[in-house]
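J.: Those protein sequence lines, which keep their order, are chains A and B. Note that the first sequence covers residues 1 to 600 in the numbering used here. Note that the second sequence covers residues 1001 to 1162 in the numbering used here.
In short, the hints are calculated from the structure, not lab data. All values derive from a computational prediction rather than experimental measurement. Among these hints, one or two may not hold up.
One side of the interface only, derived from the structure: several residues of chain A facing chain B at Cβ under 7 angstroms [to be verified]:
1. 214
2. 453
3. 457
4. 460
5. 556
Calculated lysine-lysine pairs in the DSS-like style (CA-CA distance at most 27 angstroms, straight line) [stated by the list, open to error]:
6. A:249 with A:175
7. A:445 with B:1148
8. A:175 with B:1107
By construction, the Cβ of each residue, glycine as well, lies at the ideal position given by its N, Cα and C atoms.
Spelled out from the first residue to the last, the chains are:
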Amino acid sequence: MARLKPASGYVLAVAGAISLWGAQAMANDELLKLQEDPKQWVMPLGDYSSTRYSELAKINRDNVDDLQVAWTFSTGVLRGHEGGPLVIGNMMYVHAPFPNTVFALDLSKDGQIVWKYEPQQDPNVIPVMCCDTVNRGVAYGDGKIFLHQADTKLVALDAKTGKEVWSVTDGDATKGETGTSAPLVVKDKVLIGNSGGEFGVLGKVTAYNMKDGSIAWRGFSAGPDDQMLIDPEKTTALGQPVGKDSSLKTWEGDQWKIGGGTTWGWMSYDPELNLVYYGTGNPSTWNPVQRPGDNKWSMTIFARDADTGMAKWVYQMTPHDEWDYDGVNEMILVDKEMNGQQRKLLVHFDRNGFGYTLDRDTGELLVAEKYDPTVNWATKVDIKTGLPERVKEYSTEANGEDVNSKGICPAALGSKDQQPAAYSPKTGLFYVPTNHVCMDYEPFKVAYTAGQPYVGATLSMYPPEGDSHLGNFIAWDATTGQIKWSLPEPFSVWSGALATAGDVVFYGTLEGYLKAVDAETGKELYKFKTPSGIIGNVNTYEYNGKQYIAVLSGVGGWAGIGMAAGLTEDTAGLGAVGAYKALSSYTALGGTMTVFTLPE
Amino acid sequence: MRFDWRRRIALVTGLTLCGVVAAQAQENVAAAEEEKPYHITDDGTVDWPTFSGFRRYNSVCHTCHGPDGVGSTFAPALTESLKRLSYEQFFEIVVNGKQEVNTAVQKKMPAFGLDPNVMCYLDDIYAYLKARSDGAVGRGRPEKHADKPPEAAEAENACMGG
């Protein structure tokens, strides 16, 4: 028997329980099955485990160099295109950044547009999006497409007609709260997070009933226990109950109310444990001196009960953040043997440069190792206490306000940002798109005004000393915490990876290349330059017996802001290794989806 | 002395309505042309306002206009804009915002008129960007800068409200 992807075990386990769940479980049942079908791509990260792995193998390491462009599609929008298309049956759903247009394309009719949805949104939301007007994709469930708009509106569209079924407004965009993340459909609910950590927005995750958009539960990232859906006795951190007021005790006064911890990354779901996983972002402001305390539960991995939202366990990776190392990156759920024992794992590549492996049932910390050797703000993470051992020289808190802390690695972009990694059960390796950037960071006093940026730090970013490249694409062993191979890239790799049973791994680059590499060795097998820089995620599907690879290009996002004109002066003497050039000399704006396949 | 940025906004936003104010503004433009808003000594030490402008620019404006004013994928390079814009035009745009929004283009410069983190430092930001635009200050953090004068600290406290 071929090796199955890790999630398949759950389907069997869950199938037996279905009769007990009743009608409520229907949508979940549908998605549980759909996510198992490699011919479709039904959720942004491929499956509930967020592995971004496909069983499709028609395109493989022996023939991938024959890949050709099958068709392309323009979104008509110029700004940064994150996320990727969904494929359900014969339909493909493509989304765009603000104004958040959604297209439904009929694959049986050469990609004819079946419907187009373009919401009307107040343009005032544009400037309160910190890092370009990105959107990371739509979700599918129960015959509906769910769109999480920039202005925080969650809209349910009839998947066949594009007609609005219901909509709700999740937050207050006039206070800088926005929507950029992809929803996750779990059972009869659709879950979304929020964005706006640079505006003092308090993070939260809300579960809406898929039927009518009413709120099922909402858990905040900070504040009183009941609002966070934390049970002081039952919710644990590294095996111990968190105790009463676990968040309030770690903030001065009311600061938690504008304390950030937004939830703009990805969510995963384990149907067997019935737990939803996601991470929280940076505490606001970026000036750590202004917000004493651990600032819980910012920078935290949350495991919540999918039905009630109650937190089962939490783990704060970077207490009292001093560098903007948001904890929102994807949580990849895999079952693997570790030290002779089969374990349910959660693997997470944090902005702070550490790759974490935890037991996803209990929240026990198993591995925390640097996945970029230049990471220097901490020497290591103590596995028992879970605390990073900080290096004073790079502590912007210790150095204080109005002092420039130099040479901190990684930069605020993190060793990896939201661009999701992939996992291949065939090789047992994780494929991680990374940033290779360091920074100077100077915090200073800042005042809070609702709806205005609440940042309070000046940053300069540059490649690590002695290097001239800004990114790496790496293969990672999560059981030992080691890099297997690392491919240098001139710019940050800001595109989500795809691993396939064809022993090929795909990713995009900021200059616009779609690249295919050997899953074992990392050897480059194919590349093609798409119309613009890629910050989208690579997806795959099969239609009419042919396997396709699809990716959105359209440079922008935080990467497009920082690197458009280059991080340093072209002439800044970065050594003979190769002068570091501006991204703008490689690529220009424009949203296009490119779909590849093998020739007949 | 208290620097009341709120009153100053009222002045600038009233420009088009009030001829007298406009005339005054023109005088200011002339004055500004004569005197550079930044001072850099021979050894490369920048004055406090220019340095302060560097910090504030790279905490608020850089998220759109790119590091050091060099522009991004969606907002113009202010090092170029300031070759063209007068102090008054600059001031007016930052206070009131500016936009070009249609299906293809979503350019939106927010209004910062009510944001003390910008308004209390707008002259500083202008000085920094002008220095960048004139090529007097390079990319990245100015290596040497003058100490913060007590007047600046006082004005800052008064303006930021504490």
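J.: None of the hints should be skipped; say for each whether it holds.
T.: Each hint, compared with the structure:
With a least beta-carbon distance of about 32 angstroms to chain B, the hint placing residue 214 of chain A at the interface is violated under the 7 angstroms criterion. A distance limit of 7 angstroms between C-beta atoms decides the matter here; for residue 453 of chain A the minimum to chain B is near 5 angstroms, and the interface restraint holds. Checking residue 457 of chain A against chain B: minimum C-beta separation of about 6 angstroms stays under 7 angstroms; hint holds. Interface restraint check for residue 460 of chain A: the shortest CB-CB distance to chain B comes to about 5 angstroms, inside 7 angstroms, so the restraint holds.
Checking residue 556 of chain A against chain B: minimum C-beta separation of about 5 angstroms stays under 7 angstroms; hint holds. Restraint check: the Cα-Cα separation between residue 249 of chain A and residue 175 of chain A comes to about 25 angstroms, which is no more than 27 angstroms; the hinted pair holds. Of the supplied pair hints, the one linking residue 445 of chain A and residue 1148 of chain B holds, its CA atoms being roughly 14 angstroms apart against a limit of 27 angstroms. A threshold of 27 angstroms between alpha carbons decides the hint, and for residue 175 of chain A with residue 1107 of chain B the separation of about 20 angstroms falls inside it, so the pair holds.
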